[in-house]
Amino acid sequence: MSINRRDFLKLSVAGIAIGAFPSIAFAKSELLKKKGQRVVIVGGGFGGATAAKYIRMWSENKIEVVLVERNKQFVSCPMSNTVLSGKRTIKDLTRNYDGLKKYGIKQIQGEVTGIDPEKQAVMLANGHLSYDRLIIAPGVDFMFEQIEGLNAKVADESIHHAWKAGAQTVALRKQLESMPDGGVFALSIPKAPYRCPPGPYERACQVAHYLKNNKPKSKVLILDANPDITSKKGLFTAAWNELYPNMVEYRPNAAVLKVDVANNTAKTEFEDIKADVLNIIPPMKAGAVAGMAGVVGADGRWCAVDFLTYESKVHKNIHVIGDAISAALPKSGHMATSQAKVCAAAVIELMQGQAPEQNPTIVNTCYSMVSDMESVHVANVFRFNAEKQAMVSAEGGGVSAKRSELEGAMADYWLENILNDVLT
Amino acid sequence: MIKKYLFVITCALGLAFPAIQAQAEVDKHARNLAASCAACHGTSGHSAGGTPVLAGMDKALFIGSMKDFKSGARPATVMHQHAKGYTDDEFSLLADFFAVQKR
Numbered sequence: 001m002s003i004n005r006r007d008f009l010k011l012s013v014a015g016i017a018i019g020a021f022p023s024i025a026f027a028k029s030e031l032l033k034k035k036g037q038r039v040v041i042v043g044g045g046f047g048g049a050t051a052a053k054y055i056r057m058w059s060e061n062k063i064e065v066v067l068v069e070r071n072k073q074f075v076s077c078p079m080s081n082t083v084l085s086g087k088r089t090i091k092d093l094t095r096n097y098d099g100l101k102k103y104g105i106k107q108i109q110g111e112v113t114g115i116d117p118e119k120q121a122v123m124l125a126n127g128h129l130s131y132d133r134l135i136i137a138p139g140v141d142f143m144f145e146q147i148e149g150l151n152a153k154v155a156d157e158s159i160h161h162a163w164k165a166g167a168q169t170v171a172l173r174k175q176l177e178s179m180p181d182g183g184v185f186a187l188s189i190p191k192a193p194y195r196c197p198p199g200p201y202e203r204a205c206q207v208a209h210y211l212k213n214n215k216p217k218s219k220v221l222i223l224d225a226n227p228d229i230t231s232k233k234g235l236f237t238a239a240w241n242e243l244y245p246n247m248v249e250y251r252p253n254a255a256v257l258k259v260d261v262a263n264n265t266a267k268t269e270f271e272d273i274k275a276d277v278l279n280i281i282p283p284m285k286a287g288a289v290a291g292m293a294g295v296v297g298a299d300g301r302w303c304a305v306d307f308l309t310y311e312s313k314v315h316k317n318i319h320v321i322g323d324a325i326s327a328a329l330p331k332s333g334h335m336a337t338s339q340a341k342v343c344a345a346a347v348i349e350l351m352q353g354q355a356p357e358q359n360p361t362i363v364n365t366c367y368s369m370v371s372d373m374e375s376v377h378v379a380n381v382f383r384f385n386a387e388k389q390a391m392v393s394a395e396g397g398g399v400s401a402k403r404s405e406l407e408g409a410m411a412d413y414w415l416e417n418i419l420n421d422v423l424t
Numbered sequence: 001m002i003k004k005y006l007f008v009i010t011c012a013l014g015l016a017f018p019a020i021q022a023q024a025e026v027d028k029h030a031r032n033l034a035a036s037c038a039a040c041h042g043t044s045g046h047s048a049g050g051t052p053v054l055a056g057m058d059k060a061l062f063i064g065s066m067k068d069f070k071s072g073a074r075p076a077t078v079m080h081q082h083a084k085g086y087t088d089d090e091f092s093l094l095a096d097f098f099a100v101q102k103r
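Sequences listed follow chains L and E, in order. One point on numbering: in the working numbering, the residue at position 41 of the first sequence is 41, and numbering is uninterrupted. One point on numbering: in the working numbering, the residue at position 13 of the second sequence is 13, and numbering is uninterrupted.
Chain E extracted, bound-state conformation:
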């Protein structure tokens, strides 16, 4: 609620633009990171077949899978090597991106 008021106030003061812009930057970074996965998982996670569909994947499940690939807890043919290239923060960015893609 307070946030909402703050937003109205910043808008009224004409300060909203930088805030919105910063938000968009974060999304683009996630989008750019996620674009790397498309060669195997399809554009925006819409797999054309064989590999798992990432679009609409539950966030917790996604992050859990990535961490397990990274640690080796979950056996994989190739994902252990990809997962090791990203930080845990990036796993959450990626999770956010894929979770909101329509299945």
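Next up, chain L with everything else stripped away, as it sits in the complex:
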């Protein structure tokens, strides 16, 4: 349901664009009376919550920030694969938003129904919020239509993706618990780019860890749409071979095209795979809010931005951060927070009539748990390259030399610290 700019203009001309009701009524429906300069942020995940906090902190509370998020609580996607092995529960990964109160962020729990880039307003069921600048951090939505037989309902009820931490993560763990010994857990990975590049391979490790201790005759079958393992290949294959010998089977170029829900079967171009647990991670695109804002690119999936400000290439005063952007950057929680800080600094400068930072330097680190105790990571610094108008990986980045329990502990520290940086 993405309205591109052209369609949006057409709709406006026809006078039926979202929010095109008489201006007096419009003024009345303002949810929070706007006095000074206001930034509205839609999406309170890693990116959105970070942007909210840092704009308040760095503007010395001069800029009003309204954060709109549909969920009551924050559930960390990073480390949620460990719920599958039983190392953590979903509760361990759940936080509330109370820690952001001290920054004076106005928080609204609700669902955005539309965005009007001309009027500069965000619509909710019960009214609207005017903005001077809007930051959207919509995360990803799933392109179920690319897999015949799959849809949101099926994903909720039986063939889970569990690629947003929450109810499906818990449900997938239950399926694993009721799987017979000797059974098959099939995990399907979409073509890159998708959220969390190493995540599916980490998941294979976490599932294998559970099976090794509980159902050792079982198998994890990875059906990867990509031609090869997309992240930390050597480290993951070493973990599979050494920790879970003969348990993890990897098949490249194996995109799932169709599912047979009644028979729990996945079909690739070459074969039908009947599994005891089918865990299909569908292809992804920018979350629906990006479509409402009309900032999705020609590919129909991701949003092009300026890397100095994260302002959309389509609409002025709308910034996009996190998984939803089109960039040669990993779609990770850490990366979303890094982008959020560049965006926060730039938004403040722009609103105060100053030039934004010309040399943004950001980092990403992804830890993956390969067992209950051991972890591996990939770490990179990315710097702005003016010639390419892109963020480019700096010298020296890379992966762990080998998996270790020391890094397992570091992964825990990383999670604690990043959640604190985002939410407190």
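Derived from the structure by calculation, the hints contain no laboratory data. Do not take every clue at face value.
[Stated by the list, open to error] Under the rule of at most 30 Å between Cα atoms (straight-line distance), these lysine-lysine pairs were calculated in the DSSO-like manner:
id, chain 1, residue 1, chain 2, residue 2
1, E, LYS28, L, LYS402
2, E, LYS28, L, LYS313
3, E, LYS84, L, LYS388
4, L, LYS233, E, LYS84
Since the model is a prediction, treat every value here as computed from it, not as a measurement.
Since chain L is already given, all that's left is putting chain E on it; use the hints.
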């Protein structure tokens, strides 16, 4: 002392604003660089646990550590990879930023 007089004079001439502004720009660049470290070392270097607290860290010790991570002289799980992404000048900017953060 001379600097102080110069400052008074520039102020009197109404020229201080650009100077102050330039100063603030430098600080913001350091602040922005340092924000990258927060995911592991906490907001403004106030670690929530496990990783070292960078807030209030001695400047020389900080720069020495970063250089040793970069060269490989100091073993690390992850800092060697981060340190290599920054210049020595940036190490000093970062050191200045963290040194003045209250512990």
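Right, here's what the structure says about each hint:
1. E:LYS28 with L:LYS402: Answer violated: LYS28 (chain E) to LYS402 (chain L) is near 37 Å, above 30 Å.
2. E:LYS28 with L:LYS313: 25 Å, holds
3. E:LYS84 with L:LYS388: Answer holds: LYS84 (chain E) to LYS388 (chain L) is near 22 Å, not above 30 Å.
4. L:LYS233 with E:LYS84: Between LYS233 (chain L) and LYS84 (chain E) the Cα gap is close to 23 Å, so the pair holds against 30 Å.
Violated hint: 1 only; the structure is consistent with all others.
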